[in-house]
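Chemist: This is what each chain is made of:
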Amino acid sequence: MQNIIKDKKGDEKYFSLWWYLVLAIVGLGVVIAVFIFYSSPIDARDVESKILYDKISDCLVSGGFLESDALNSNFDIFEKCGLNKEIFSGETSFYFNISFVSENKKIRTDIIQGDFSYGQDCEITQNIKADKFPVCNRNVQPFFYFENGEMKKGILQVLTASNQEGRKIPGIGT
Amino acid sequence: MFRRGLIISKRGESIVMSEIIFIIVNLLFFLAILYFVNTSSKGALAYEQVYAKQIALAIDSGKPYTQISIDFSKALDITKGNTDNIVSFNNNEVIVNLGGKGGYGFKYFSDYDVEHFFAGKDLVITLKDKK
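Keeping their order, the protein sequence lines are chains A and V.
Letter 155 of the first sequence, counting from 1, is numbered 155 in my numbering, and no numbers are missing.
Letter 91 of the second sequence, counting from 1, is numbered 91 in my numbering, and no numbers are missing.
Keep in mind that the hints were calculated from the coordinates and are not lab data.
Note that the structure is predicted; figures quoted are calculated from it, not measured.
It is possible that some hints are incorrect.
To be verified - The calculated lysine to aspartate or glutamate pairs, modelled on EDC-like cross-linking and capped at a C-alpha distance of 16 Å, are: (1) K55(A) to D129(V); (2) K85(A) to E93(V); (3) K63(V) to E147(A); (4) K85(A) to D129(V); (5) K101(V) to D129(V); (6) K168(A) to E93(V).
One chain only, chain V, in its complex shape (with noise of 0.2 Å):
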């Protein structure tokens, strides 16, 4: 009987252990499939093609000597305040590259000589006719 008694006692033990660990490892789990999910969120992919498109559409919106500001301070979180080559202008083609790895491309159809400079958290674009 004490016998019998002490097997159960040890296979409750062994059985209480292994849930704590079970619910460990799920939670675990699912904590990391939480992480990746926010930090995919905030990630490079998202706001790469969103800042691409906005610079485009706003250089073929805007007219000739006109000043553009746009809000780059996601971006700027992402690539941790760095703003080299993070925006470039190629052949009509708007380049934002957050993740430094090739970016994403937006060609835009106006005409116009682009400059573009950061004032702060903003990215300033000027629009020139080309000479």
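Only chain A is shown next, with the shape it has when bound in the complex (with noise of 0.2 Å):
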């Protein structure tokens, strides 16, 4: 008897539900590892905010000089620069701020579209790091244009954010 109960002892030193436990516990951590590893978004704002800023700088300065119309009141800024006026209107993860400045003094309105939360949210982030606020990128371009048929030297300063991490598209049933 004793040494039925010792054969026993054996058996459950290798199958104890404890074992089993232990693999379990082993096998969840790493289905959620391996899930939360997948699905963790790829950043793509830093990207996506500089391709909006050359985007801009590009069909704002051509040759070094300002378009001529760019200082228009009613200038078309979507439809200059091959924008989707949808895109950065409602509910939007992009925002741009765009400043002519002239001899220290800006030439005309700022051009700013998107969330205009962005903004503050840009000058936050200058001084600390938070995942979840937008990627900003602030930069400028110098440029010539023309006034009274003189010519005269200006800078774009173009502040582009954004803070788009894309969805997952649920399926049908799920």
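Put the complex together from the two separate chains, hints included.
Modeler: Here it is as structure tokens:
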């Protein structure tokens, strides 16, 4: 009887409930880790923000000269730069603010589009790191322009921001 | 004495069998874990997001009337060569669906008409000005 009990103890050493519990915890841990790793977002916000700046800068300044109609009050940035107006309106993940400066004063009102709160968010992220805040890029582009037949120098100050993470689209029945 | 020896022998066999089964069970468990990690790394979940973002950023970087070619071989490995509805464009959003469960969407801000087709294992995207 004592031997039988000892044998049982030998088996229990290998097939105890605790060991299966350890396996289950390890398995669950691996599954959760893999799922979190592969479903975590790839951060493309910085690249996107830089591309937005390039696009704006390329269409406003050509050969070092500011586009002639850019200083008009009815200038349509969306049409000129090939940007989709709907994407920058309503609940959007993008923002840009363009200032036209010459001799330390603005030569026209700023062109601001997208989520206006990003302007403040960009100020905050200059000093602190905040993951959920938009990623901002500040760039300057010098340009020449004509005023009353006289050629002048100016600077384009462009702030662009993106906070797009993308979305998983639920399938039918999920 | 004989009786005692026999019992010890039986107990020894029992323990050896237990050890073998124990090792086999553990091996099977860790093989299953390795298989799961391996299939997950090659799965749709990872590549849908990568391709959606790659396409959207390529569109935003491109100028009108340009053609962009993107290597789609890994995506086609997942879909076993099927190219039907794995890439779609809707309201300035590119949707890549490799697993047949909805897919992953990413918006682009450029106002282009986007056309696409597959040339072998490459996805070819043509950007056009909106009329």
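Chemist: The structure should be examined with respect to each hint, and the outcome stated for every one.
Modeler: Each hint tested on the structure:
The suggested pairing of K55(A) with D129(V) holds, with an alpha-carbon distance near 15 Å, which does not exceed 16 Å. For the proposed pair K85(A) and E93(V), the alpha carbon gap of about 14 Å is at most 16 Å, so the pair holds. Proximity of K63(V) to E147(A) is assessed by CA-CA distance (about 30 Å); at most 16 Å being required, the pair is judged violated. This hinted pair checks out: K85(A) and D129(V) have alpha carbons roughly 14 Å apart, not beyond 16 Å.
For the proposed pair K101(V) and D129(V), the alpha carbon gap of about 32 Å is over 16 Å, so the pair is violated. At roughly 12 Å between alpha-carbon atoms, K168(A) and E93(V) fall within 16 Å of each other, so this suggested pair holds.
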